[in-house]
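**Student:** Build the full structure now, drawing on both the sequences and the hints.
So the chains spell out like this:
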Amino acid sequence: MMTSFLFRALDARAGLFLIILLALTVAIPASNLLLPETSPLHVPTYAVTLMGKYLTYALLALSVDLVWGYCGILSLGHGAFFALGGYAMGMYLMRQIGSRGVYGDPLLPDFMVFLNWKELPWYWYGFDMFPFAAIMVLFVPGLLAFVFGWFAFRSRVTGVYLSIITQALTYALLLAFFRNDMGFGGNNGLTDFKDILGFDVQADSTRAGLFIASGLALALCFLLCRALTRSKLGKVLVAVRDAESRTRFLGYRVEHYKLFVWTISAMMAGIAGALYVPQVGIINPGEFSPANSIEVVIWVAVGGRGTLIGPVIGAVLVNFAKTWFTAALPDIWLFALGGLFLGVTLFLPKGIVGTVSQGWSALRQRSASAAYEAGSDEPPGSPDAPADVSHKRASSDASPQPAE
Amino acid sequence: MSRQTSLLYLDGVSVSFDGFKALNDLSLVIAEGEMRAIIGPNGAGKTTMMDVITGKTRPDTGEVYFNGVVDLTGEDEAAIAELGIGRKFQKPTVFESHTVWDNLELALKAPRGPFATLFHVISGGEKKRIEDLLELIRLGDKRNELAANLSHGQKQWLEIGMLLAQDPKLLLVDEPAAGMTDAETAETAELLKDIAQTHSVVVVEHDMTFVRSLGVKVTVLHEGSVLAEGSLDHVSADERVVEVYLGR
Ligand SMILES: Nc1ncnc2c1ncn2[C@@H]1O[C@H](COP(=O)(O)OP(=O)(O)OP(=O)(O)O)[C@@H](O)[C@H]1O
Ligand SMILES: [Mg+2]
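Chain order of the listed sequences is U and A.
Taking the UniProt record's numbering, the leading residue of the first sequence gets 1, the next gets one more, and so forth.
Taking the UniProt record's numbering, the leading residue of the second sequence gets 1, the next gets one more, and so forth.
Hints are computed from structural coordinates only; laboratory data are not their basis.
Bear in mind the structure is a predicted one, so any value in this text is a computation, not a measurement.
All C-beta atoms, glycine included, are put in the ideal place defined by N, C-alpha and C.
Errors might be hidden in some of the hints.
[Said to hold, decoys possible] SDA-like, lysine to any residue: derived pairs with alpha carbons at most 25 Å apart: (1) A/K56 <-> U/G159; (2) A/K56 <-> U/R230; (3) A/K128 <-> U/F7; (4) A/K127 <-> U/L10; (5) A/K109 <-> U/R230; (6) A/K109 <-> U/G159; (7) A/K169 <-> A/E63.
[What the hints assert, rightly or not] Not everything, but these chain U residues come out facing chain A in the computed CB check (under 8 Å): (8) K235; (9) G251; (10) W360.
**Tutor:** Okay, structure coming up:
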């Protein structure tokens with residue numbers, strides 16, 4: 001059962017994607033650690049960290065695609081799950097500082113000493129242990145998503161209304177985490193980390209390790225998403241996306257399906273956040289900002305919604321552009337992003353990956369027709385099936401129609 | 001007929017939308033194994049009646065019972081479908097970005113929970129069943145085609161196939177012949193008659209030739225309640241029916 005479940009996840013395209021991803025996951029840290037700095041192939045540490053950050057963004061985008069691309073739930077609040085995973089990791093990293101903080105308190109993080117707190121709040125217990133923190137990385141976003149989804153999906157909140165309340169969710173958390181008395185470092189968040197699992201967070205080898213961990217997490221989550229979306233459950237999800245009420249009349253409990261992918265997706269976002277924090281060295285309430293969540297949706301749209309590979313490519317490309325723009329032309333980045341989104345929705349409604357695979361099958365169709373005209377006996381399509389039919393067919397790995 | 005011995009039992013059902021009574025004290029009883037045709041002018045409440053039976057719309061007043069004992073007004077769409085009531089919509093609704101095969105596979109009677117479908121591996125028996133249905137609805141050569149690329153009539157047939165795949169006790173079929181050629185309409189009538197051998201069927205249709213060829217008891221709805229009931233000849237002889245419906 002399990003093997004057929006995983007076996008289903010792989011086909012040529014997914015396999016190729018995974019091979020490239022894993023090759024980069026090995027090659028980039030290897031070149032950083034093994035090649036001398038003078039070598040033209042040496043990747044500097046700052047670049048490893050930057051790309052590691054992109055990988056965590058890619059994982060976040062993947063998690064959004066799972067719910068938006070396959071189940072039609074347009075989440076404008078996934079940044080909240082990402083940030084919660086990040087905070088869980090940040091709390092572990094804070095506890096690792098121990099008495100090396102400015103105030104030297106063995107138990108309390110600096111910001112608590114500064115606020116004159118005498119005791120560690122109960123919800124900080126256990127975060128000195130990595131396994132506990134790792135479980136919380138999954139559990140906290142998962143629980144929030146479950147509770148939120150339970151109410152939202154049972155009351156059949158859909159479409160724009162759902163998107164709006166996801167924005168409200170992340171905004172509410174933003175305000176809450178800004179408060180000092182919440183016990184999460186308020187405005188400044190959690191920072192000044194020293195080590196993770198006993199390794200210095202600043203060390204080249206640790207950075208390489210975090211990069212590898214991000215690459216592996218992305219690969220595993222990609223496989224999981226593939227397996228989910230290609231199972232019968234995945235077909236039900238697409239059915240829900242395209243005709244929710246029809247799916248109910250077939251006897252499927254739509255709210256259970258939504259809750260299932262929604263919770264899994266939130267946990268994936270949590271993992272992304274947890275890998276992000278040690279690489280950037282800080283987590284603060286800004287990560288909850290509603291604009292962040294909207295940006296993720298843009299990455300997915302640019303890469304190609306409902307393709308799983310697309311969001312990964314979209315996240316990396318857009319963030320690469322962002323890094324370049326904010327250094328070269330900082331003032332126009334937001335305009336460029338807005339323009340990009342408009343351009344993609346107008347001219348590439350299927351995103352980069354959707355458009356490429358569509359073009360590819362159109363090309364194949366054309367060469368098939370050419371072969372037919374050149375005298376092969378098999379017609380390129382049955383006479384009653386118009387030529388464009390096969391394009392739709394070939395690019396049909398559930399890519400949604402643009403107007404949704 | 002009493003409630004206990006009926007398959008479907010509606011009594012005094014009323015539904016209003018913003019004060020407009022779409023169903024007005026509607027009572028209707030369908031027996032086990034029966035096929036019934038429902039006719040009535042546009043806006044008579046035929047589709048609304050199906051909405052009430054399948055849990056899409058809650059009645060303001062009245063009773064709706066399935067199998068004599070199950071109160072349908074307390075159940076939601078998924079539960080009612082699981083009880084064995086299948087529905088074909090007036091506007092054909094199939095899953096457009098799925099293939100014909102996948103549409104049937106999704107409809108096929110099987111456990112409906114997320115964990116059941118997650119680990120589902122299609123069995124030989126299920127494949128056979130889908131093959132049989134494909135043949136019945138004559139879409140065998142279109143099995144890998146996206147449902148979006150089917151003609152209107154083919155979508156209607158696919159939806160009937162999906163209905164059969166669910167293997168319900170009661171089929172509610174809303175205007176199955178709409179948009180079909182005369183030949184297709186005749187074939188659809190034959191198909192439904194076949195289905196009625198083993199299922200209970202309620203079929204709504206405007207096409208009188210179609211209704212006549214079914215040769216079953218007819219219920220005429222008008223302004224949300226039953227105007228007349230009986231054989232087609234009997235109801236077409238009824239003056240009130242002629243006035244509201246056939247006479248136009
Ligand atoms: N959700 C709704 N909101 C408001 N009015 C509605 C709604 N659904 C149906 N109605 C109204 O109720 C009346 C009955 O509609 P219904 O669709 O049941 O008619 P019908 O008998 O199926 O007609 P047709 O033959 O055109 O399909 C119509 O006047 C319709 O406008
Ligand atoms: Mg109707």
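**Student:** Indicate, hint by hint, whether the structure satisfies it.
**Tutor:** Hint check:
A distance of roughly 19 Å separates the Cα atoms of A/K56 and U/G159; the hinted pair therefore holds under the 25 Å criterion. With a CA separation close to 30 Å, the supplied pair A/K56 and U/R230 exceeds the 25 Å bound. With a C-alpha separation of about 23 Å, the suggested pairing of A/K128 with U/F7 holds against the 25 Å cut-off. For the given pair, A/K127 sits about 23 Å from U/L10 by alpha-carbon distance, which is consistent with the 25 Å threshold.
Annotation: proposed proximity of A/K109 to U/R230 holds, straight-line Cα distance about 20 Å (limit 25 Å). A C-alpha spacing of about 29 Å is found between A/K109 and U/G159, which places the hinted pair above 25 Å, so the restraint is violated. A C-alpha spacing of about 20 Å is found between A/K169 and A/E63, which places the hinted pair at or below 25 Å, so the restraint holds. A cut of 8 Å between beta carbons decides the hint on U/K235: the least distance to chain A is about 6 Å, and the hint holds.
Annotation: U/G251 was flagged as interfacial toward chain A, and the flag holds, the nearest CB pair being 4 Å apart, inside 8 Å. Interface restraint check: U/W360 against chain A, minimum CB-CB distance 18 Å, threshold 8 Å, status violated.
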